[in-house]
Amino acid sequence: MTLDATLPAQRLDLGRRLRAYAGIARVLSRTVMAYRSNFLVGSLGLLMQVFLLRVVWTSVFPSDGRTTTGGHAVTLGAQIAYSTLATVQFSLFSPWQVSMVPQRVRDGTVAVDLARPVGFNGQMFFGQVGFTLGNAPFALLALPFAILVGGAQPPSSAGTAGLYALSLLGGYLISLLLGSLMGMVAFWTLEIQGILMVYRMLSQFLAGALVPLWFMPGWLRGISQWLPFQGTTYTPIAVYLGQLGGALRAIGVQAVWVLVLWLLLRLVWSRALRRVTVQGG
Amino acid sequence: MATVASNPVPAHRQYLLLLHAAWRGQLQYRGNLVLTLIGGVLYQGVGLAFVWAVVAKFGHVGGWGMGELAFLYGVRLTAHAAWTIPFNRLNSMDWMVQRGEFDRYLIRPAGTLTQFLNWSTNIQPLGDLIGGVGVLVAASSAAPIDWSPTAVLYLLATIAGGALVECSLQLGLCGLSFRLQATYALRMNFIDNIMNNFGGYPLTIFPSVMRFALTFLLPLAFVAYLPANVLLHRTGELSVAPWLAWCAPLLGPLLFAAAYKFWYGQLKHYKSSGT
Numbered sequence: 096m097t098l099d100a101t102l103p104a105q106r107l108d109l110g111r112r113l114r115a116y117a118g119i120a121r122v123l124s125r126t127v128m129a130y131r132s133n134f135l136v137g138s139l140g141l142l143m144q145v146f147l148l149r150v151v152w153t154s155v156f157p158s159d160g161r162t163t164t165g166g167h168a169v170t171l172g173a174q175i176a177y178s179t180l181a182t183v184q185f186s187l188f189s190p191w192q193v194s195m196v197p198q199r200v201r202d203g204t205v206a207v208d209l210a211r212p213v214g215f216n217g218q219m220f221f222g223q224v225g226f227t228l229g230n231a232p233f234a235l236l237a238l239p240f241a242i243l244v245g246g247a248q249p250p251s252s253a254g255t256a257g258l259y260a261l262s263l264l265g266g267y268l269i270s271l272l273l274g275s276l277m278g279m280v281a282f283w284t285l286e287i288q289g290i291l292m293v294y295r296m297l298s299q300f301l302a303g304a305l306v307p308l309w310f311m312p313g314w315l316r317g318i319s320q321w322l323p324f325q326g327t328t329y330t331p332i333a334v335y336l337g338q339l340g341g342a343l344r345a346i347g348v349q350a351v352w353v354l355v356l357w358l359l360l361r362l363v364w365s366r367a368l369r370r371v372t373v374q375g376g
Numbered sequence: 139m140a141t142v143a144s145n146p147v148p149a150h151r152q153y154l155l156l157l158h159a160a161w162r163g164q165l166q167y168r169g170n171l172v173l174t175l176i177g178g179v180l181y182q183g184v185g186l187a188f189v190w191a192v193v194a195k196f197g198h199v200g201g202w203g204m205g206e207l208a209f210l211y212g213v214r215l216t217a218h219a220a221w222t223i224p225f226n227r228l229n230s231m232d233w234m235v236q237r238g239e240f241d242r243y244l245i246r247p248a249g250t251l252t253q254f255l256n257w258s259t260n261i262q263p264l265g266d267l268i269g270g271v272g273v274l275v276a277a278s279s280a281a282p283i284d285w286s287p288t289a290v291l292y293l294l295a296t297i298a299g300g301a302l303v304e305c306s307l308q309l310g311l312c313g314l315s316f317r318l319q320a321t322y323a324l325r326m327n328f329i330d331n332i333m334n335n336f337g338g339y340p341l342t343i344f345p346s347v348m349r350f351a352l353t354f355l356l357p358l359a360f361v362a363y364l365p366a367n368v369l370l371h372r373t374g375e376l377s378v379a380p381w382l383a384w385c386a387p388l389l390g391p392l393l394f395a396a397a398y399k400f401w402y403g404q405l406k407h408y409k410s411s412g413t
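Here the protein sequences come in this chain order: H and P.
Position one of the first sequence corresponds to residue 96 (the working numbering), numbered consecutively onward.
Position one of the second sequence corresponds to residue 139 (the working numbering), numbered consecutively onward.
In case anyone wonders, no lab produced these hints; they're calculated from the structure.
You may find that some hints are simply not true.
Unchecked claim - Quick partial rundown of chain P residues pointing at chain H, CB under 8 Å, derived from the structure: (1) Thr174; (2) Ile176; (3) Tyr181; (4) Val184; (5) Ala194; (6) Lys195; (7) Gly200; (8) Gly203; (9) Trp233; (10) Phe328; (11) Ile343; (12) Phe344; (13) Ser346.
What the hints assert, rightly or not - Non-contacting residues of chain P with respect to chain H, defined by C-beta distances greater than 10 Å in every case (computed): (14) Leu171; (15) Val172; (16) Asn229; (17) Asp232; (18) Glu239; (19) Asn327; (20) Tyr339; (21) Lys409.
None of these values were measured; they are calculated from a predicted model.
The beta carbon of each residue, even a glycine, is placed where N, CA and C say it ideally should be.
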């Protein structure tokens, strides 16, 4: 059946809405705990990746452990710290399940979500936040092991650490919004595994999760700089390592992307709502 | 029914019939097919894109240029596709044992393994094949290889041998599932992950302990690295004897014969879950 595009007549007040969102996030964070044995297995792949990146960078760097690129110097230590942090952060921010929407559409529970007195996008958004919060302790647990097989560097100053926290938030919001946009595709086609795979691989590369933008060939760096993906991974870590000249400007770019993607999501959602098909109703 | 038992359908015909049915089932979902294939190509391609970016900046990895690295990558990926296309059902081994699905395979007049492998199929490995052959074709002119007929035959033997090495490890461990119920994490998250992550690099970049382990404990070097050294005239830099590198494609058939026997041997220990 196709739902009428009318929203519930009464919206809840802000306090009750926030409590509802917090409840959704809590439930989703608990579903992660139910699959905690996946953690060990998932971490193993993560540590292998970290180790491989370290071995490759070590083998190609000149023996004095430093190189220059695009006018600024990169040490081997900084490069290994980058790849270690990027791998852990990307795995936490960009899980294979980028959004709850495809699953809800596929099994028809989207009908229940739409009938609730809080916004659909809010539910999906905070559900995904809960999912990340459930996974965060595992990522934090894996981090020391990743540093052991990879490497780390402290932030250059307290100010840098503060900017990093800000940039990390921006990076997470961009990841979430991009994932939500991809999830919307489920309203047009149910078979979205292929599209999600293409998205994941392209976004991983363009985010700088494997090669930082400073080592990308000029034309590719140009493309990456004009896309939102670099804001998810490259920007926060480059800020952390003090590799960016204008950290505040980079965080400003992140903020612009958050706004643009949020507006885009609203636009796509207004169209998707007219296409909702409930399976198995 | 007695005629069926005394005149069974030949084994190869059983295989082809069931293979056809499995593929016909998969090709019902055309809309997703193209994107799944592109996704499959990108999934493997992102590793090569990383290598390409590193070489664009530093000129080499472990002393190998882009043509040589792409050739190694292409050999490994093609070998990987060559076994995952017919054997991708091994993924569901644990689940099939736990659910007691082997009950029905055991009472039907067709090979147990044949039925299991063609119960359904997965199209994603086709993406690996497209990617692998594409990289191999592009790299075969870029890499310094003398393409004599012998070299071409050796390459084909390498791909078949490499596919059988990977396949044997998976099939052998699947045999253990009849007793242990669950070997997925060991097979896929450990062994397959190592193969996919480390298999496309010259082993000289790794510490010597790891090089030894990836040659003699887990025979990753035999899949693509050792024979690629032969074709690239690089056996001089190996830490094993050149004759061993030359003979690398022979390991696959030997391991496969052992794994096949082992799998059927373990099948005797299958206990239906009764569901």
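Here's how the hints hold up against the structure:
| no. | hint | in the structure |
| --- | --- | --- |
| 1 | Thr174 | 4 Å, holds |
| 2 | Ile176 | 6 Å, holds |
| 3 | Tyr181 | 6 Å, holds |
| 4 | Val184 | 5 Å, holds |
| 5 | Ala194 | 5 Å, holds |
| 6 | Lys195 | 5 Å, holds |
| 7 | Gly200 | 5 Å, holds |
| 8 | Gly203 | 12 Å, violated |
| 9 | Trp233 | 16 Å, violated |
| 10 | Phe328 | 7 Å, holds |
| 11 | Ile343 | 4 Å, holds |
| 12 | Phe344 | 6 Å, holds |
| 13 | Ser346 | 13 Å, violated |
| 14 | Leu171 | 8 Å, violated |
| 15 | Val172 | 7 Å, violated |
| 16 | Asn229 | 14 Å, holds |
| 17 | Asp232 | 13 Å, holds |
| 18 | Glu239 | 23 Å, holds |
| 19 | Asn327 | 4 Å, violated |
| 20 | Tyr339 | 7 Å, violated |
| 21 | Lys409 | 24 Å, holds |
Checked against the numbered hints given earlier, this structure breaks hints 8, 9, 13, 14, 15, 19 and 20; the rest are met.
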